[in-house]
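Protein chains: 2
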Amino acid sequence: MNIVLAPIAGVIALLFALYLSNKISKADAGTDRMKEIASYIHEGAMAFLMREYKSLSIFIIVVFLVLGFFINWLTALCFIFGALFSILAGFFGMQVATKANVRTANAARTGQNKALEIAFSGGAVMGMSVVGLGLLGVGALYMIFKDANIVTGFGLGASSIALFARVGGGIYTKAADVGADLVGKVEAGIPEDDPRNPAVIADNVGDNVGDVAGMGADLFESYVGSIISALSLGAIVFNDNKGIIFPLILAAVGIISSIIGSLFVKGDENSNPQKALKNGTYVSSILVIIASAILSKTVFGDYKAFFAITAGLIVGVLIGQFTEMYTSADYSHVKKIAKQSETGPATTIISGLAVGMYSAVLPVVFIAFATILAFFIMGGYGSSQNVLAGLYGISLAALGMLSTTGMTVAVDAYGPIADNAGGIAEMSELPKEVRKITDTLDSVGNTTAAIGKGFAIGSAALTALALFASYSQAVQLKAIDLLNPMTLVGLLIGGVLPYFFGALAMEAVGKAANHMIEEVRRQFKSIPGLMEGKAKPDYKTCVDISTAAALKEMVLPGVLAVVVPLLVGLLLGAEALGGLLAGALVSGVLVAILMANAGGAWDNAKKYIETGEHGGKGSFAHKAAVVGDTVGDPFKDTAGPAMNILIKLMTIVSLVFAPLFAKFGGILLNLIK
Amino acid sequence: MNIVLAPIAGVIALLFALYLSNKISKADAGTDRMKEIASYIHEGAMAFLMREYKSLSIFIIVVFLVLGFFINWLTALCFIFGALFSILAGFFGMQVATKANVRTANAARTGQNKALEIAFSGGAVMGMSVVGLGLLGVGALYMIFKDANIVTGFGLGASSIALFARVGGGIYTKAADVGADLVGKVEAGIPEDDPRNPAVIADNVGDNVGDVAGMGADLFESYVGSIISALSLGAIVFNDNKGIIFPLILAAVGIISSIIGSLFVKGDENSNPQKALKNGTYVSSILVIIASAILSKTVFGDYKAFFAITAGLIVGVLIGQFTEMYTSADYSHVKKIAKQSETGPATTIISGLAVGMYSAVLPVVFIAFATILAFFIMGGYGSSQNVLAGLYGISLAALGMLSTTGMTVAVDAYGPIADNAGGIAEMSELPKEVRKITDTLDSVGNTTAAIGKGFAIGSAALTALALFASYSQAVQLKAIDLLNPMTLVGLLIGGVLPYFFGALAMEAVGKAANHMIEEVRRQFKSIPGLMEGKAKPDYKTCVDISTAAALKEMVLPGVLAVVVPLLVGLLLGAEALGGLLAGALVSGVLVAILMANAGGAWDNAKKYIETGEHGGKGSFAHKAAVVGDTVGDPFKDTAGPAMNILIKLMTIVSLVFAPLFAKFGGILLNLIK
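Note that the protein sequences, when read in sequence, are chains R and Y.
Residues in the first sequence are numbered consecutively from 1, following my numbering.
Residues in the second sequence are numbered consecutively from 674, following my numbering.
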């Protein structure tokens, strides 16, 4: 087998994305009013991306120079490619998502099935762009440089963009959302997505920049990171290039499986769209499992790699299930929160936090379980070669979980497109039946979004674990020993970073939302005829507020995530940095799960009450549940997801700068000694 | 120097406690009405303790037998002593605290200074009982058995009782508090501590069982744990018994310093009582620092130990300062939460959580800093002997922080006594001036309680770190290597335990509070003339509800904390268990700080608004702040403090059972291999 198959599969994914994109473009965009509203969203989203990329260019150039001078220029070049490819994926995905939204709304005028197809195709463009550009980049760069260490630069590029896309996108979307809701729904008493609300366009743009571009960049990073980790370990474990061939071909197989799976996302007119989406996911997962068995036997002569891959894949699916269990109103946890809302917001918050805390237990135990399994199947204790093979097994488990990323992102990005379609239908005053179809699609999107979040956290954890193993090899540490106080100190500092990071993100949302609230109030007061629908609000100012806030507030967390591991590595040494990475991993994963699931559970408890339970809309319980939902917003969409990036980015920064730490690390430590 | 000085100092502390107790008993308990109310509280508290100890006896016997059969009978015997001494300290402290409360209220009729003296003396009895019984126990048992490993049994006994006292006490106090507040203050609109409220006695009992007995047992455990850790490491590091003499004598010095310091707690009639309490703390800290310099030079011939001790002591004081910074209304954080309350409960919660998360950063960094400092001053890298000396340094830092425990507990237990005094004054309808004095004393108590909580967490972290070092020696591990996936798995599982534990505790409070709410509502409805003050409520049923709930709900967390480390050690091995302890330490400390400080900040934001800011009592902002305060209650008084015990108890369980793990550990691991 030739590794050229990897970039070829990448190109196939991109061609498929292009095909889907053309199909979407050809669909009718509906009435003039619909086109007008869609153009606002499109322009807002693209304007944000452009300004984001512009701000990022400074950061990219600085890191490029640092890499070039302190590591080497080839790694620096790979870094540029990683950043560019991530940007391209986000750009392409957003272009199409903001076309698919209005066409989904229009298709909903003829029926649910057609609308589902367009919304999912829109998501699939993002999915295929992510895996296509990811595998094309890693595959081609590895073929050119034949050195996994250099290709890590690509991963760093992907991670850097991911951080800003996730944190910036998260701040953007929640500032707009909270602003639109608090003043529009609560104060002015107009419905969600009402065109009179000045923040409504910003809110819809936010869905795209947060849930399409942000999520895409997050999984682009995980995807690339897991492949790179497998490459870097595979290169050491095996003398021939088996260890390289396997992950690259497996990723290629994953892409083809995702394409085939996406063809199975077809529903009947009245069936639940959730079923169609699940079909697609199951088909691609099963295809990957079968292919990995054949591939494992062909490349390694046994089925060990197959088991490691499958362990990762199954844990990924299980985490999705757990997430659904804790965040869907079909299960007891959300119902309990809804019940607790009867005694007011305090009990809503307490029970939601308790659910979030409980929900961390099983995913973490299963990640731990997959880690052990993969380690002992592929290698184990004994010779250092054996240990390395075990670590390689962990990277394969991560890769297994991420092999169907194309499909996962497609299902995930489908959500905000359906959400947008609903918004456009409302703002264009389309008939009730249309809104009903978009509502059905949207409610499915909420579940897939929650599952997607769980998957993103799980994959981030496994990827970070795999990259952590690569790091330990790169800095040539024999052990990262917890009996060494420096490791413990690293562990403590690493553990507290997600708290600092999370607090920053939540405060950023609070500040930005306050600006938005003031602006919306101002417009309601100062624009005559706005409430009567005779005058148009100034959408653009609201879009600008979210954009400016997101760009400003993402700087400090972004810089922190890069600078702290560098400082700790240089001052306290590679072992302390290892401790830091482990501490951040554990603490970050826990906080991320807590926040994502508490947020999702509050959201759905509110929706559950809105179906008429516990007094229904407007009741005392509903008001309490709204408080929970509002607290959950920055939890699940800003601070929580930012953790994924934090733990991966810090690990890959450490991996890329490993040569530096191996040589000069621990300046302060050497002084003390 | 002879180590017999240690138990002698312990006896001196107990004699001083006896002297103070007699002084308190002699003071006048006031009017018949006051005596009656005080007797309710006293009886409720003692009834709870008795029932708690009765339930615990089963647990104690089981663990005693397990220890005897699997470790040795001497350790098992020490375990019994540790449990008994902790029980004795709690019992004695509570006896006196529930006498001091009413006498403080009566003294407040003559003036603030006299009231402060009695309240503080009451706290000092608890403080002196803790350190007296702690040092007497450890010192005497070490003199008898001359084996630090055996004496660890004493630590395990102390820890076990602490767990139940803290968790049970925490559930008790918050169930009563929430029940009394929600129905009494919010629904019925009667003031705090109104005698018509059926839950009012349970609420006052709760202050004693949670903040006196629970806190005392927590610090008893830290105190004993830090001494034992220093003994067990000191015995290995030094050939002669220097390593033993130093910690024991230092603890003795700490007791004498605390006694002297307590004599400085004297205020003028109109001065701030906070100043008097701080004076006492500073005097005892300075005395310990001076004495440790002399002791260090005398025993070791240099000042290294002095620096390690001082590092711990200073970090302890600093953590107290940080806690004040984040939880007192004199600083910006609490003011910001109060301001955010203007936009409703959601923003109150978000900003409080952000403050809690921020507040974890500095304490953790300072703990890390003290750890490095102590390690490199006393030892460092190089020979294993040198590393051991460094670990001994860490245990000295912990001991340094805890050397003034007598004073810390005294200041801390003063709070609930003053709080109770206020309640008794209110219920006995004493004049307004009296209530004003008790209010002043109480508000100081709130600050000292917050600081005390910070100190308890910090000391738990350092003690657990020191015990962790002892554990690694006891299981004879050369490394606890994060590159070993078993360690990582342990780290992940350890990290999630505080989440599970916290969720259990918060749910327990919710359930118990619901029972209490129903009972209070029932009494208001069914007892004729109650609201008019013509009939008496049935206090006893409310006391019983809290008692039963606390005893029932503490079982699962208690058993978990003992069984999980045993299972992990036996199944996955000593290294995985090491990972688990480290993971639980990091995650537990962070959650504990977040919960304690967010809770404290919400509490004071509410009080700040009640002074008239942002609309004052009854305003929209005030209602939002009350939600924050209610969420904060189980945070700061139940789930948060339970973390301290969890991390210490799991570590000491691991330490005591180390011989078992060293021999039979890793059954499952060996099967996989």
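Rather than coming from a laboratory, the hints here were simulated on the basis of the structure.
Ideal Cβ positions, reconstructed from N, Cα and C, are used throughout, including at glycine.
Treat the hints with care, since some could be wrong.
Ranges of calculated distance between the beta carbons of each label pair, as one might list FRET restraints [said to hold, decoys possible]:
#1 Y:V1232 <-> R:E610: 32 to 42 Å
#2 R:P191 <-> Y:S1199: 38 to 48 Å
#3 Y:V1232 <-> R:A47: 53 to 63 Å
#4 R:K335 <-> Y:V1232: 56 to 66 Å
#5 R:K536 <-> Y:K1109: 56 to 66 Å
#6 Y:E1102 <-> R:E532: 54 to 64 Å
#7 R:K335 <-> Y:A1208: 32 to 42 Å
#8 Y:K1109 <-> R:E532: 48 to 58 Å
#9 R:K335 <-> Y:K1198: 24 to 34 Å
#10 Y:D913 <-> R:N670: 41 to 51 Å
#11 Y:A1221 <-> R:F620: 23 to 33 Å
#12 Y:N943 <-> R:I527: 56 to 66 Å
#13 Y:K1207 <-> R:F620: 26 to 36 Å
As a list, the in silico DSS-like pairs of lysine-lysine whose alpha-carbon atoms are at most 27 Å apart [as the list claims (entries may be wrong)]:
#14 R:K335 <-> Y:K1225
#15 Y:K1012 <-> R:K336
#16 Y:K1151 <-> R:K336
Consistency of beta-carbon spacing, S1199 of chain Y to P191 of chain R, with hint 38 to 48 Å: Holds, since P191 of chain R and S1199 of chain Y (Cβ atoms, about 45 Å apart) stay within the stated range.
Taking the beta carbons of K335 of chain R and V1232 of chain Y, is their distance inside 56 to 66 Å? Hint violated: Cβ distance 28 Å, outside 56 to 66 Å.
Measuring from beta carbon to beta carbon, are K1207 of chain Y and F620 of chain R in 26 to 36 Å? Holds: the Cβ-Cβ distance is about 32 Å, inside 26 to 36 Å.
Do the beta carbons of K536 of chain R and K1109 of chain Y sit within 56 to 66 Å of each other? holds (60 Å)
With respect to the beta-carbon atoms only, verify the hint that N943 of chain Y and I527 of chain R lie 56 to 66 Å apart. holds (58 Å)
Satisfaction of the hinted span 53 to 63 Å by the C-beta atoms belonging to V1232 of chain Y and A47 of chain R: holds (58 Å)
Range first: 24 to 34 Å. Now tell me if the beta carbons of K335 of chain R and K1198 of chain Y are that far apart. Roughly 28 Å apart at Cβ, these two residues keep to the hinted range, so it holds.
Could you grab the alpha-carbon distance between K335 of chain R and K1225 of chain Y and see if it respects the 27 Å cut-off? Measuring from Cα to Cα gives roughly 25 Å; hence the hint holds.
23 to 33 Å was suggested as the range; check whether the CB atoms of A1221 of chain Y and F620 of chain R agree with it. holds (30 Å)
Given a hinted range of 32 to 42 Å, is it respected by the beta-carbon distance of K335 of chain R and A1208 of chain Y? holds (39 Å)
Are D913 of chain Y and N670 of chain R spaced within 41 to 51 Å by their CB atoms? For D913 of chain Y and N670 of chain R the Cβ distance comes to about 33 Å; the hint is violated.
Can you tell me whether the CB distance of E1102 of chain Y to E532 of chain R sits inside 54 to 64 Å? holds (60 Å)
Hint compliance for this structure: hints 4, 10, 15 and 16 are broken, all remaining hints hold.
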